[in-house]
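Sequence order for the protein chains is A and B.
Once you know that position 80 of the first sequence is 80 in this note's numbering, the rest is easy, because the numbers rise by one and skip nothing.
Offset between the second sequence (1-based) and this note's numbering: plus 1000.
No wet-lab data here; the hints were simulated from the structure.
Some hints could be false.
Stated by the list, open to error - Cβ-Cβ distance ranges computed for the label pairs, FRET-style:
| id | chain 1 | residue 1 | chain 2 | residue 2 | range |
| --- | --- | --- | --- | --- | --- |
| 1 | A | Arg15 | B | Cys1069 | 26 to 36 Å |
| 2 | B | Pro1170 | A | Ala359 | 47 to 57 Å |
| 3 | A | Gly17 | B | His1184 | 39 to 49 Å |
| 4 | B | Arg1050 | A | Gln367 | 53 to 63 Å |
| 5 | A | Asp309 | B | Leu1195 | 53 to 63 Å |
| 6 | A | Ser51 | B | Ser1049 | 52 to 62 Å |
| 7 | B | Gln1076 | A | Asn284 | 20 to 30 Å |
| 8 | B | Pro1170 | A | Gln56 | 35 to 45 Å |
| 9 | A | Arg75 | B | Glu1158 | 21 to 31 Å |
| 10 | A | Gly17 | B | Ala1106 | 37 to 47 Å |
Model, not experiment: these values are computed from the prediction.
For glycine and all other residues, C-beta sits at the position ideal for the given N, C-alpha and C.
So the chains spell out like this:
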Amino acid sequence: MNQEIQTILRRVLQRYGRDLVKQPSLCDAYLADFLPMHPTIRRYLVKALQSGIVSQMLPEPDPSKFMDLSKQLARVTSIDLPQAREIIQYWAHALASNPNQLIPTLTTNKPKVLSTTVLGASVLTMGLLLGGGWAFYQWQATPAYAVATVVESSDLMSGAKPVFIEVVEVTNKAATVQGQSTPNTQGLSFVPIAQATLAMTSNTAWAATTENPSASTLTNLAEPVLPNALANLSPEQLQRFQQVQHTQQLNQDALNALQHFVEHHQRYAQKKQSLQTINLMWANTQQPYYQQQQQAMSGQLQQLEQQLDESLGLYNTALQGLCSVVNGDVLLLDTIQGSSLQNIIKQHVSECQANQVLALSREQMIQGLQMLQASN
Amino acid sequence: MSIGLDNTSYIIRLYLLCDVSGSMHGVRLIALNRALNHALTHIQRSAQSRKVRVYVNALCYSTYAKWYCNDVLLEQCYWQPIEQAQGISQLGQAFKLLASRFKTLADSPFDSTNIVLLFTDGKPTDAYQSSLQQLLQTRIGQNTIRLGFGLGSDTDLECLQAFQGTSVVPVFTRLAPFKHQLTHSLEHALQLGYLRALKSLRLSI
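With the hints as extra help, turn the sequences into a complete structure.
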């Protein structure tokens, strides 16, 4: 998600009122003025309004409806589902009274299809049952819920591919990780992202015990609200958890810097093309207008170059931090995945080493982006 | 063609209303600057040949409206490119400012033919209709030649049609030929203005 769009959309609604949602053409006018660099996104945002999808998010966006709304939007606009989901996320962020509460929800997908989960759970159950009768007796003795869950990680968080997880036992009181139990499909539920993150800390599953998850119970990555669970983690696990969180934060910083770099580079390329045209016109006509335009355009190009360097500097800093934290740890490296830009970050991180002073040049970065574009 | 009147009697005032809101950022603003420079340079020659005095006025509007240039004689007019486009499109502000100018000019002893050109991609964010009515109710406003130009493929025609009073509004989805089209339209408008001026002078004689 582009943070600039996210922020602007929210500010527009704050400044001009939520009633804009009922006036798509007026909203379109405001967005045209505030988001001139993102015409495509604007078009889809307005389409979501016109088709009445956004009004279904009022008065307060309900995360459980996001998938349905995304599908509706994808149908109406003929865009693919991830893009539709992004549009819904922009609106949700803009309309939510407290967008911070939405972050984990927005970035966490629902569990995979029930049948997949049940199948996976059954296979594991069989294995476990065959593996030892002790597990069965222990399960009978301890009234604990245990769920096998397939968690698909978020864009923000990490390995966007589904992370399958071993069956673990989680009691309501403590997060003891034991490799035995029988899956209980009644407990299948939405796994909050922080819990999934915790699961990664021990490279095992983290089962959700929440019966009816809601936005308020979902946790924010920045502020883990599993005090009981955290308190019961071993120092190594806690350290691991912090590492994962730190990685995610740095990943987000790198992503923001990279997005800015891409936007500035696009503008830079356009302006450079315009300058060539102006140079040509000046050579042919010798009109003072073109000379003035040349000067103005050169100034703008210089400004853009500065902005490009700033973005690159921020990116290098974040990347250096990531390299130090990841330091060849494959599991941590896997948390950097998702969008194509994140894949670039992942590639850069995998190529670097801890304590390495990074200074990716503009050319290297542009080359990477061009390769990405070519591969797409 | 001379009917014994001095040049001062042939006055045409050109009003350029330029949308410089955020949506005009980029190629649209570049195209507008380029087109105005081209068109104004071009019509200098035709105005000279007709012995007409053309005064150029430009008004830029976004969140607020302000005069960009005031009554500059066409021969001395050199279009200084507008550099920034930001803010929201408050078209009503532009109409109000123009209406106040027309009210002031109504007291002037010199009569002039007025041509108003509106350049925008549409999508005004205010209720401009009342301001437009205010403009059209002024004595000068009633008799102006009004032309609207839509810039960009997603131009909202409603405000341009309301301004022009006709449903046919030129929209330039491709910005490259805009300068030629604008020059042509301006030529045409000047010719019309010239004929009007001539007609009114003959009537007054």
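Quick one: which hint numbers does this structure break? Sort them smallest to largest. Hints that this structure does not satisfy do not exist here, as all of them hold.
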